[in-house]
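Peer 1: Sequence:
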Amino acid sequence: FKSDKCFVDWQNDVTAADVALAAREGYQSVEHLKRYTTLGMGTDQGKTSNVLGIALLAEALDLPIPKVGTTTFRPPYTPVTLGAFAGHDVGRFVEPTRNTAMHDWHVKRGARMLNAGLWKRPHSYPRSGESEDDAANREARNVRKNVGIVDVSTLGKIELQGKDVAAFLNRVYSNRWDTLAVGRCRYGVMLREDGIVLDDGTTSRLSTTHYLMTTTTVNAVRVMQQLEYLLQAEWRDLEVFVTSVTEQWAALALSGPNARQVLAKVVDIDVRNEAFPFLAVGMCNVKAAGGAISARLFRMSYSGELAYEIHVAADRGRAMWEAVMAAGEEFGIMPYGTEAMSTLRIEKGHVVVGAEADGRTTADDLGLGMLINAAKWCVGKPLLARPALTAPDRWQLVGLTALDPAQAIPRGGKLVADPTHTLPNPMLGHVTSWCFSPNLNASIALALLVNGRARHGEEVWSVSPLAETHVKVRVGPPCFIDPDGARLRV
Numbered sequence: 001f002k003s004d005k006c007f008v009d010w011q012n013d014v015t016a017a018d019v020a021l022a023a024r025e026g027y028q029s030v031e032h033l034k035r036y037t038t039l040g041m042g043t044d045q046g047k048t049s050n051v052l053g054i055a056l057l058a059e060a061l062d063l064p065i066p067k068v069g070t071t072t073f074r075p076p077y078t079p080v081t082l083g084a085f086a087g088h089d090v091g092r093f094v095e096p097t098r099n100t101a102m103h104d105w106h107v108k109r110g111a112r113m114l115n116a117g118l119w120k121r122p123h124s125y126p127r128s129g130e131s132e133d134d135a136a137n138r139e140a141r142n143v144r145k146n147v148g149i150v151d152v153s154t155l156g157k158i159e160l161q162g163k164d165v166a167a168f169l170n171r172v173y174s175n176r177w178d179t180l181a182v183g184r185c186r187y188g189v190m191l192r193e194d195g196i197v198l199d200d201g202t203t204s205r206l207s208t209t210h211y212l213m214t215t216t217t218v219n220a221v222r223v224m225q226q227l228e229y230l231l232q233a234e235w236r237d238l239e240v241f242v243t244s245v246t247e248q249w250a251a252l253a254l255s256g257p258n259a260r261q262v263l264a265k266v267v268d269i270d271v272r273n274e275a276f277p278f279l280a281v282g283m284c285n286v287k288a289a290g291g292a293i294s295a296r297l298f299r300m301s302y303s304g305e306l307a308y309e310i311h312v313a314a315d316r317g318r319a320m321w322e323a324v325m326a327a328g329e330e331f332g333i334m335p336y337g338t339e340a341m342s343t344l345r346i347e348k349g350h351v352v353v354g355a356e357a358d359g360r361t362t363a364d365d366l367g368l369g370m371l372i373n374a375a376k377w378c379v380g381k382p383l384l385a386r387p388a389l390t391a392p393d394r395w396q397l398v399g400l401t402a403l404d405p406a407q408a409i410p411r412g413g414k415l416v417a418d419p420t421h422t423l424p425n426p427m428l429g430h431v432t433s434w435c436f437s438p439n440l441n442a443s444i445a446l447a448l449l450v451n452g453r454a455r456h457g458e459e460v461w462s463v464s465p466l467a468e469t470h471v472k473v474r475v476g477p478p479c480f481i482d483p484d485g486a487r488l489r490v
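Counted from 1, the sequence shown has number 197 at position 197 by the working numbering; the numbering is strictly sequential.
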């Protein structure tokens, strides 16, 4: 201390001179020093001052600091949180959760449930002695080979009604909607005002003035808020009424080469390709225990296989599910969870909000530039022309394949040209989604890579400093299976 007037305890204004005076007057115990000077008696209980005070007392007494000792601390010295005692054994959180109509069925069949927003969804359905990864791989293989069924009730569902719905959709989606015919659905991309991708999903035209929009599970509330804001604050002249009906409908997806054969056994309409083609929408009745169930039928695919979605009133969801499971038994039907669903969509190169659409990517970055209609305006389109969003070095969606199939591509791995480069190592991009593909017997990933579409065939490294791993990968198109889409149109 350069001066005796230097403060040692800022809370009680104890100075270096006060400590020296205490030593001269015989208060040579740290406990006496504490009470004579009020050192460490503030709200911090000495956490900011005691070490300095003890050092000054040791100097005054010509003793090493350990010989002086410390004051008695009130337990606990630093409060211990209940979470530290609990660790990972936290049980259920005290927060609202949503269960689908098929939740009890999933749990009874041994599904490992996980959180998806406020919803509980099956991760996989492990059998006795089977790991979760093995279960997910089995489920993904079965979808490609036979037929699988997955609970998609958690997807956001928004009904739009009114004479101006088509005009409204033209403004909120980047692609065109006034050409959508009744009985058809279309995939669309929604942008934020700054041109970045907000969400993706399908919208179906149920009648002349009645549409159904589906959103991602995590963005259902955000999209609903966006639609309500635009109608209430920006375009009050439009006659459009939006209603969230996510919880009112239970939904399943039936995917795989045998999907049509299973479906034909449980619905009362013609589902041949000629009568119900890809992206068709219609009404039907599902034959189930307790009587026929009125349903909406959609032909759309997230897996890349022949697939259908069936939506029924939530209170008949389990009956629908059990009817489809019974009909599919002879065709090798299996339920599959979100992990297998993720594997299937990575194999197909489908993007997901939060991973590929990470709040920084444009539709063109994700290979969806063809959905930006040049002939019309939409929310976010004007700012797509900003130099930063049209630069030639944008990170673009690519597929990665590990040169060694046994090596796992690091989740979130950074893409570099040389893993031995001195730090800082220039980053070329990063891995957004990874899986081991049981259908390709390969370790594959989706990634965002600088000027990625021009780099197909190149080899780069995916590195993870935290995991201390680096894997050599080959760059290619993001779609690994059936790039022409023949399977989903059969």
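Since the hints were derived computationally from the structure, they do not count as laboratory data.
Mixed in with the good hints, there may be bad ones.
Within a straight-line C-alpha distance of at most 30 Å, the following computed BS3-like cross-link-like pairs (lysine-lysine) qualify [as the list claims (entries may be wrong)]:
hint	residue 1	residue 2
1	Lys5	Lys108
2	Lys163	Lys145
3	Lys265	Lys145
4	Lys108	Lys120
5	Lys287	Lys145
6	Lys67	Lys47
7	Lys287	Lys108
8	Lys414	Lys163
9	Lys120	Lys145
10	Lys108	Lys67
11	Lys47	Lys5
12	Lys381	Lys163
13	Lys414	Lys376
14	Lys287	Lys120
15	Lys67	Lys5
Peer 1: Now tell me if each hint is right for this structure.
Peer 2: Here is what the structure says about each hint:
no. : hint            : result
1   : Lys5 - Lys108   : violated (73 Å)
2   : Lys163 - Lys145 : violated (44 Å)
3   : Lys265 - Lys145 : holds (19 Å)
4   : Lys108 - Lys120 : holds (14 Å)
5   : Lys287 - Lys145 : holds (25 Å)
6   : Lys67 - Lys47   : holds (20 Å)
7   : Lys287 - Lys108 : holds (23 Å)
8   : Lys414 - Lys163 : violated (49 Å)
9   : Lys120 - Lys145 : holds (27 Å)
10  : Lys108 - Lys67  : violated (65 Å)
11  : Lys47 - Lys5    : holds (21 Å)
12  : Lys381 - Lys163 : holds (24 Å)
13  : Lys414 - Lys376 : violated (38 Å)
14  : Lys287 - Lys120 : holds (27 Å)
15  : Lys67 - Lys5    : holds (26 Å)
Of the numbered hints given earlier, the model fails hints 1, 2, 8, 10, 13; all others are met.
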